[in-house]
Amino acid sequence: MIARHRAHRLDGQQSGSHMAGEHVEGPPDRRPETGLEFGVLGPVQVLAGGRQIPVNRPGMRGLLGMLLLEANQVVPIDRLVDGLWGEDPPATARTIVHGYVSRLRRLLAQADPTGSARIHTRPPGYLLAVEPWRVDVNRVRQLVRSARGRAPADRAGLLREALGLWRGPVLADVPGRPVSAGLEELRLGALEERIEAELELGRHAELVGELRQLVTEYPFRERLVGQLMRALYRAGRRADALAAYQQFHRRAVAELGMDPGPELQALHEQVLRDDPALRGAGAGVLPPRVGVLAPAQLPSAVPGLIGRAAELAWLDGLLGERGRGATTVGVVVGAAGVGKTALAVTWGHQRVDEFPDGQLFAALRGFDDGRPPVAPADVLARFLATLGVAARDVPADLEERAALYRTLLARRRVLVVLDDAGDSDQVRPLLPAGAGSVVLVTSRRRLDGLVAGSGARLLAVDTLSPEAAVELLDEASGTAWSVAEPESTSRLARWCGHLPLALRIAAARLLASPHWTIADLLAELSDEGARLRSLSVEDADVSVGRALDVSYRNLRPELAETFRMLGVLPGETFGAHLVAALCSIDPALADLRLRALAGAHLVTQPAEDRFGLHDLVRLHARQVAEAELTERQRSAALDNVLDYYLTTGAQAGRLLCWAVEELAPSLSRPAGRPTWRLPVTRQEALVWFDLEWPNLVAVVDVAARTGRHDRVWRLALLAHCYRVVRATGEQWLALVRQGLDSARACGDRLGELLLLSAICQLRQSQGRAGDALAEAEQAHRIATGLADTRYLRMTLGDLAAALLGHGRPTAALTRYRKLLSLCRKESDPVGQARVLDEMARVERLLDRLEPAAEHQRQAVELHRDFGTRADYGLAVNTLAEISAELGELAEAEALARTGVDLAAEDGITFREAQVRQTLSQVLAARGELAEARAELLRALALYERVNSPNAELVRATLVNLDPDG
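First residue of the sequence shown: 80, per the working numbering; consecutive thereafter.
The hints are simulated quantities; they were obtained by calculation from the structure and are not laboratory data. Where a beta carbon is used, it is the ideal one built from N, C-alpha and C, also for glycine. Do not take every clue at face value.
Stated by the list, open to error - Derived DEER-like restraints, expressed as beta-carbon distance ranges:
1. 762 with 900: 45 to 55 Å
2. 595 with 297: 54 to 64 Å
3. 924 with 860: 25 to 35 Å
Kindly generate the complete structure, drawing on both the sequences and the hints.
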């Protein structure tokens, strides 16, 4: 649930007011002439022909709003329930949702009989089918897309029109407003782009007031701060521009512990030195006389560029963008050693005919551990000399050099490759003018400043595919290793992280030692601690570790600190909350740092809000942590990680499994108040466990190896809650046995009991309860020693199930009777009902149907009066089967029909199919074959809906069920 926020002005203009020439027509931007249109950017709105259709109930408005926000996608009922009621839904929440859907369907059909918007039932929820442009938020997105690349006046008009579609806070009349924060980012992004366009139009003075209000409301959006500074400066208020920067700087340091970003710092420097470029006009330059020269400065291409067909095609796409009024800029970014330079240079050689006026190349040394970055003025001096400008004619001033450079290239078609850029400021003066040239920039950082300020396009280069990595090893070594030793070659490529630099170093080492085999190199690389050191070529001064270390040494101190701490972290991927716990910082700050590290390509971002480390980068981070953190610091960091998983896992486990609270209450009560967010719904708990399961396995392993046994068994027990709803098989069993060993190692008898019981429950779910007989007997002995009724009941149930699975039903029945007695002593009707269910099952196995029926009747009554509808429905179906076996067909039919009604009302498809199958058998036994066949056909349709293998059995039964026989 998203907290309610206050209403505010959205665009600083009157809605619907446009300047001449600023409106561009197109189908997505216009109101539909027929059918319905919907609004979520404000109060929920339904319009038919421009007429408001009232949706009176808040719950219906909320449901419609959630369906509209995910139009043409299935929205699960559980998510709808969470959105409408949060943590405290009523018992009849699903029924209420069904009712809302029925009313909305009638409302939409009455408002538009042509069906321009319809709600369909799609398991596990509902789908609103509607043309996207009928929903206001989609029209906004289209207008924002249409604005890109337009002239400033057109761009400002389109963005103002998009912002005018906001009528207030999203879903303003829905309690709690379950809305994605992405819509707020959409609004702010459009707002910043509109202001940027109006700054280009020279409306500086008019924008100052609006920008001051926006900076007050969104104090940490650096782009707004920069726009305010430029507006003030160009309005002749230089001192105010500097004051705006200082105010932001103080607040960022005080509240975030961070300095302003490089773009804002660069703007501050420009204002300080009264940079003429800020005024939008430069001094005129008369070009000197120069000779006709077509430079060819590209280095030689790397032979055999492999696995980069898609990236080369992307670069080809830049050629099609030339001639649109500005220089085309492509930024190729990626981690150290990924092959950015090789890609840019190879493409330049392949497309040399596209640039008849030459190719310029400069190594900017943005990431060089031995030499400082090359100043733009020095690069320009070399470029001008290459273009034929005599040394005496090269201007001394940077701006004048850049102006001369732009003049010389204004009408030329030149490729400029700027390799290894440190930041956007190093690149900007080197961008030529004119529409015929292409600039390729390579960098280890995301140069978002070039994307935002110069219209650059961004290409992120990743490691190679496994197949391409193997091919590169063959090509670079000159030996078809993949044919001679396919498995070993694949392993070598994997241990090189599919990183081109590492692969080429491995190939070079194989070439340098002809007697070596891949097996020899793999033996050396098998030691993870020495792997980076092995991936080096000493005489060429080339090393993967050195390349990564340069990236690390170029980080700001707070980012370097976070990277070091990541070297302590077990597991594969991680989110901001885990890193916040690891580093003892706020989650919002952790998120900022992770995104900055991703921008530096030291951290990967495989999904939104999820981060990771490339295999070789992970090894480097571990080495850095070992070298620069004390043992005490590493130990404290690992304790923070364990606290995170124990605290968050306990909360998630409580939402999934009653046993966490009932059987081990200490697990669900964290010692301190966590700074990170805990899951609050069952769905959030499942998502958390889904994401963190591989990490949980790794964390348990590290904790066990470092002797933290009291935490190991608790984490293993919490993993059991996840296994209850997500089958994890033998991997989970290994984890829980590790926890069992730790519980025994630290002498915790309760932990030992709980983990033994967890093993029993796993074997029961696998249909192998008898395999856990030894564990069940040991757990019951411990429970007897603890003399706690809770644990006696739990272990008696496990022991009875294990005995039954071991082929000893009479012994199992004896344990169930003891368990029933304990439940009655504690006045636990639900517990009694569940034990009676099991006793009836055992009696049926012993072919004692009368006592089985008696046990099941008692269970049905208890489930009906005290239990859940789900358990009641199961018990009714079982009693129907027993009654049919006893020949009590009238009672069996009545029970089966009750079971059908219960399953259908609760939407439990598989159980409804089972009960209809039982009902069919009863009807067939009574000779009502036509009715029996009809029920069996209904059961078949339900089984097919859930892809159950039972459908095949029903088909076989149908063949033998002749209604005329």
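**Violations among the numbered hints, reported as their numbers in ascending order** = 1
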